[in-house]
Amino acid sequence: MFDTALTAADFIFLAKGAGMTIVVTIISVIAGTVLGIVFGVIRYQLGAIWAAPLIFVLDIFRSIPLLIQLVLANAFMGTILRLNMSGFTVACIVLSMYTAAYCAEIVRGGIEAVPATTRRAARSLGMTWGQDMREIVLPLATRVALPSWIGLALGVMKDSALVYVVQVTELLRSTQILITRLQEPLLLLMICGAFYFVISFPLARFGGYLEKRWSND
Amino acid sequence: MFNYTFQWKQAMARLPQMLDGAIVTMQVAILSMVIGILLAIVLTMFRLSGIRILSAVAKAWVEIARNTPALFQIYMAHFGLGSFGLHLSPFLSILIGITFNNAGYLTENFRGALKAIPDTQTRAARSLGMGAAGAFRHVVLPQMLRISFLPMTNQMVWAILMTSLGVTVGMNTDLYGVTQDLNALTFRTFELFALAAVIFYVITKIVTLGARLIAARLFRY
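First to last, the sequence lines map onto chains X and W.
The first sequence runs 1 to 217 under UniProt numbering.
The second sequence runs 1 to 221 under UniProt numbering.
Note that these hints are calculated values from the structure, not bench results.
By construction, the Cβ of each residue, glycine as well, lies at the ideal position given by its N, Cα and C atoms.
Where hints are given, some of them may not hold.
As the list claims (entries may be wrong) - No farther apart than 25 angstroms at their CA atoms in a straight line, the calculated lysine to any residue pairs in the SDA-like style are these:
1) Lys115(W) with Leu210(X)
2) Lys115(W) with Gly207(X)
3) Lys205(W) with Phe61(X)
As the list claims (entries may be wrong) - Anything over 12 angstroms on all C-beta distances counts as not near chain X; from chain W, calculated:
4) Met12
5) Gln17
6) Gln27
7) Leu38
8) Val57
9) Ile117
10) Thr122
11) Phe136
12) Thr173
13) Leu185
14) Ile214
Said to hold, decoys possible - Example chain X residues on the side facing chain W (calculated, C-beta under 10 angstroms, incomplete):
15) Pro65
16) Val71
17) Asn74
18) Phe76
19) Gly78
20) Ala161
21) Gln176
22) Gln183
23) Ser200
24) Phe201
All chains should be built: construct the whole structure from the sequences, respecting the hints.
Here is the structure:
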């Protein structure tokens with residue numbers, strides 16, 4: 001009853017796609033988080049009025065479909081600047097900015113969750129702004145921000161399914177290529193979905209656990 | 001390095017077609033949101049019902065919707081159901097895919113909102129003689145919807161952005177699909193997609209501002 005044309009070579013093909021998904025995700029999340037922390041701190045330090053240009057730019061990345069961001073970036077790099085970038089590079093740049101836009105909000109929320117009195121106490125003890133940020137704000141803000149950051153990282157992994165539009169063959173794209181060839185959509189999609197689920201579910205659970213564990217009430 | 005002539009006129013000439021596409025995009029987003037909210041309420045009741053099968057269904061729905069890409073869910077609706085002989089039009093596939101996603105995320109939001117409603121209220125309603133259904137409908141549900149109004153707005157924005165995925169299952173009437181077809185005609189990729197991006201931005205801004213106004217009006221007290 002259950003026979004399939006799926007061969008070992010196809011599995012390796014799928015695994016390569018999965019590897020691509022993970023590589024793109026890791027690069028974008030790391031770069032995006034670093035950028036996001038910088039943007040978030042700038043956003044917090046400047047206040048809503050002086051940081052308005054930054055807020056506007058970051059808001060654009062959150063209000064335009066990722067698919068369009070990728071197409072636009074590809075067209076901009078390729079036909080306007082004529083940079084001859086690979087699709088992989090474009091995908092990583094766009095996803096990093098996309099991550100940074102969300103991460104900046106998470107970072108700002110984390111910093112704002114640190115009570116002003118605690119920070120004033122730190123400064124009164126003679127700590128510099130840098131010391132206050134490192135020793136006081138960082139540990140306290142991390143507790144607030146980490147669960148949402150895990151959610152963001154997982155979101156980026158799921159959204160990385162869209163980078164097929166700049167000719168990067170990640171998991172969902174390789175699944176689709178196999179579907180076209182084997183005509184067994186259900187089985188292949190199940191495998192693909194199971195892969196995403198296996199990565200995402202434990203981490204999402206871990207995030208939920210941290211949120212429960214670290215919440216003050 | 002920078003010898004590219006922008007042809008904004010060509011893109012602007014297609015603006016009416018793209019705005020028609022934007023209307024289809026909004027139709028999909030609003031429909032998926034309305035059905036998604038109704039489904040999420042049903043799933044929340046499943047969760048609260050205490051019947052094991054029903055709460056397992058709700059749980060599985062939420063976890064699958066939240067832990068797989070939206071694009072995968074749309075593929076599932078289009079190709080997955082297709083392999084059961086159920087061939088859906090692109091419009092229906094994208095609608096089902098996004099609705100599935102919305103319902104999953106909203107159920108999770110409702111769960112958070114329910115935590116904020118004290119148990120004592122339900123008990124008070126019950127001791128006043130309301131049935132379990134009456135207490136849920138008249139006491140818990142309105143507060144739940146009110147608390148999760150902001151997450152619902154976010155989900156609405158997400159739904160609008162997700163409609164752009166319809167192009168992967170052959171939808172060519174929504175904003176992204178129309179833009180891609182025009183791109184195939186004119187090859188003004190950057191101009192056309194930049195215009196589409198502006199339209200998307202304006203739509204999401206209108207939705208978030210509108211939601212804020214509605215919230216200010218609804219939640220005056």
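Verification of the supplied hints:
1. Lys115(W) with Leu210(X): 17 angstroms, holds
2. Lys115(W) with Gly207(X): 18 angstroms, holds
3. Lys205(W) with Phe61(X): 13 angstroms, holds
4. Met12: At roughly 17 angstroms from the nearest Cβ of chain X, Met12(W) sits farther out than 12 angstroms, so the non-interface label holds.
5. Gln17: At about 16 angstroms from chain X, Gln17(W) clears the 12 angstroms cut-off, so the statement holds.
6. Gln27: 16 angstroms, holds
7. Leu38: Given a closest Cβ separation of 25 angstroms, the condition holds.
8. Val57: Non-interface label stands for Val57(W): nearest chain X Cβ at 17 angstroms, farther than 12 angstroms.
9. Ile117: Consistent with the label, Ile117(W) stays out of reach of chain X, its closest Cβ about 15 angstroms off (over 12 angstroms).
10. Thr122: Check passes; 20 angstroms lies beyond 12 angstroms.
11. Phe136: 25 angstroms, holds
12. Thr173: 16 angstroms, holds
13. Leu185: Check passes; 16 angstroms lies beyond 12 angstroms.
14. Ile214: Label holds. Min Cβ-Cβ 19 angstroms, cutoff 12 angstroms.
15. Pro65: Hint holds; Pro65(X) Cβ to chain W Cβ min 4 angstroms, cut 10 angstroms.
16. Val71: Val71(X) check passes; min Cβ-Cβ to chain W is 5 angstroms, inside 10 angstroms.
17. Asn74: This hint holds: Asn74(X) lies near chain W, its Cβ roughly 8 angstroms from the closest one there, short of 10 angstroms.
18. Phe76: 6 angstroms, holds
19. Gly78: The hint holds - Gly78(X) has a Cβ within 10 angstroms of chain W, the shortest such distance being about 9 angstroms.
20. Ala161: 4 angstroms, holds
21. Gln176: 7 angstroms, holds
22. Gln183: Gln183(X) check passes; min Cβ-Cβ to chain W is 9 angstroms, inside 10 angstroms.
23. Ser200: Since chain W brings a Cβ to about 4 angstroms from Ser200(X), closer than 10 angstroms, the hint holds.
24. Phe201: This hint holds: Phe201(X) lies near chain W, its Cβ roughly 5 angstroms from the closest one there, short of 10 angstroms.
Hint compliance for this structure: no hint is broken.
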